Amino acid sequence: MYYPEPISKLIDSFTKLPGIGPKTAARLAFFVLEMKEDDVLDFAKSLVNAKRELTHCTTCGHITDRDPCSICSDESRDGSLICVVEDPKDVIAMEKMKDFQGKYHVLHGTISPMDGIGPEDINVSSLIERLKDEKVEELILATNPNVEGEATSMYISRLVKPSGIRITRIAHGLPMGGDLEYADEVTLSKAMEGRRDV
Amino acid sequence: MHMFEKVHGIVLRTRDYGETNKIVTLYTKEYGLMSAVAKGAKKSRSRMAAVTQPFIYGQYIMHVGKGLGSLQQGEPIDSMRAIREDIVKTAYATYMSELLMKSLEEKEPISWVFEELQVSLEKIADNQEALAITCMFELKMYRVSGISPMITSCVNGHDNSPIVSFSIAEGGVLCQQCRFKDTTAIPLEANTYRVLRMMHDLSVKQIRDVQLKQETLVAIRNILEGYYDWYGSIPIKSRKFLKQLHLFESE
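These protein sequence lines map, in sequence, to chains A and B.
One point on numbering: in the working numbering, the residue at position 143 of the first sequence is 143, and numbering is uninterrupted.
One point on numbering: in the working numbering, the residue at position 12 of the second sequence is 12, and numbering is uninterrupted.
Mixed in with the good hints, there may be bad ones.
To be verified - Using 20 angstroms as the maximum straight-line C-alpha spacing, the simulated SDA-like pairs for lysine to any residue come out as follows:
no. : chain 1 : residue 1 : chain 2 : residue 2
1   : B       : K43       : A       : L180
2   : A       : K190      : B       : K237
3   : A       : K190      : B       : D126
4   : B       : K237      : A       : V48
5   : B       : K43       : A       : A29
6   : B       : K89       : A       : L180
7   : B       : K243      : A       : I117
8   : A       : K45       : A       : P22
9   : B       : K43       : B       : K89
10  : B       : K43       : A       : F31
11  : B       : K43       : A       : D90
12  : B       : K237      : A       : H172
13  : B       : K42       : A       : K45
14  : B       : K42       : A       : E120
15  : B       : K43       : A       : E120
16  : B       : K39       : A       : D38
These are calculated hints, taken from the structure and not from any lab test.
Treat the numbers as computed from the prediction; the structure is a model and nothing was measured.
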């Protein structure tokens, strides 16, 4: 109403992004007006390309521009080890660790009884198919340590256990650099339970 | 307007709010059902992260205002960890939480409801028959939401004829004389009626080590489900998960 139509449309587009309200959207829109035309075109192209060229890997469900993804097609990685995560951002977080040489399986969500999200609403069936086809020795359940993550890992564990594949859950406890004095009772009891020989 | 209050509450549900915050729905002894923002509770180093897990019974310091409150601190009294570590227990506890949230208005405390919820969760965590406890809790929720079925006697007031069926349409049990008033009424065996009556009349804390036949519990479960579908206005999403779980377990 107060802006020329192209700016108004741009503001509307920015407000569709998470955490962006009308004021921030207006600030971003005016910033775009100040940008060089080439930069704006690059920005627009990146947005379109990300949407058009990215797909989900048919093997693991991770976002990729080629199918199978670079992780699944990497022969040097250990295919007998699969780490199950909730979403593609978790794969990125795990890869930053540079310690894990196995492969991944992305669930694209978690079982959430309160929201009516059941096992058939997440990428579990393809995991089961994958376990039949591939020679997997260990499945690492790396869902978040909250009620939905726990429910999901318990569900998968019950489903897979009869096949004899080793199933492990990532450890829970104190964060690195944390202080015992300030840790809460729930975390501490998990940390005590998960203690190991040194 | 209140400032910071110390409340005893049970976390029923949490939702993400922004990058690092959570909106926590609690049932508190002092204020009943209420929601509050727990700032930073999604951060892994936050002390609020653990005390805002569903089903935790704790003491919280919160700012209580007209709208959404804010959680400042929390100390667990009973972490109810056993519930979150068992998918079946989680499913029943979630069902009870959702039923409570859909049966009660915010900030209308009912002390016996708090006690009933706390004891029910404790018993589920303590490996007692979760289905029986859930049915008992469900009947109490029908009472607070004003849709309680007539169970103590025949819906038509007959006292001296044995109870033989449960009529969803008539809203309760039917005696031998009235059984023909509803041809679709669900037949009730004497034992099933006894259990249903016990579940209706007694508080969860009055029972110990419930051991009931599975078919009796399933019969009561089916009656309650049909009854809620008829009289309850809001669908319960977590019921779908409970059903999926039973399918899964019978495989």
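The hints, checked one at a time:
1. B:K43 with A:L180: Satisfied, since the Cα-Cα distance of roughly 17 angstroms is no more than 20 angstroms.
2. A:K190 with B:K237: violated, 30 angstroms
3. A:K190 with B:D126: holds, 18 angstroms
4. B:K237 with A:V48: violated, 37 angstroms
5. B:K43 with A:A29: Outside the cut-off at roughly 31 angstroms; violated.
6. B:K89 with A:L180: Status violated; Cα separation ~30 angstroms.
7. B:K243 with A:I117: The given pair, whose Cα atoms are some 12 angstroms apart, holds under the 20 angstroms limit.
8. A:K45 with A:P22: violated, 24 angstroms
9. B:K43 with B:K89: violated, 26 angstroms
10. B:K43 with A:F31: Outside the cut-off at roughly 31 angstroms; violated.
11. B:K43 with A:D90: holds, 15 angstroms
12. B:K237 with A:H172: violated, 29 angstroms
13. B:K42 with A:K45: violated, 34 angstroms
14. B:K42 with A:E120: The given pair, whose Cα atoms are some 26 angstroms apart, is violated under the 20 angstroms limit.
15. B:K43 with A:E120: It is violated: about 29 angstroms lies between the C-alpha atoms, which goes past 20 angstroms.
16. B:K39 with A:D38: violated, 41 angstroms
Violated hints, in rising order: 2, 4, 5, 6, 8, 9, 10, 12, 13, 14, 15 and 16; the structure is consistent with all others.
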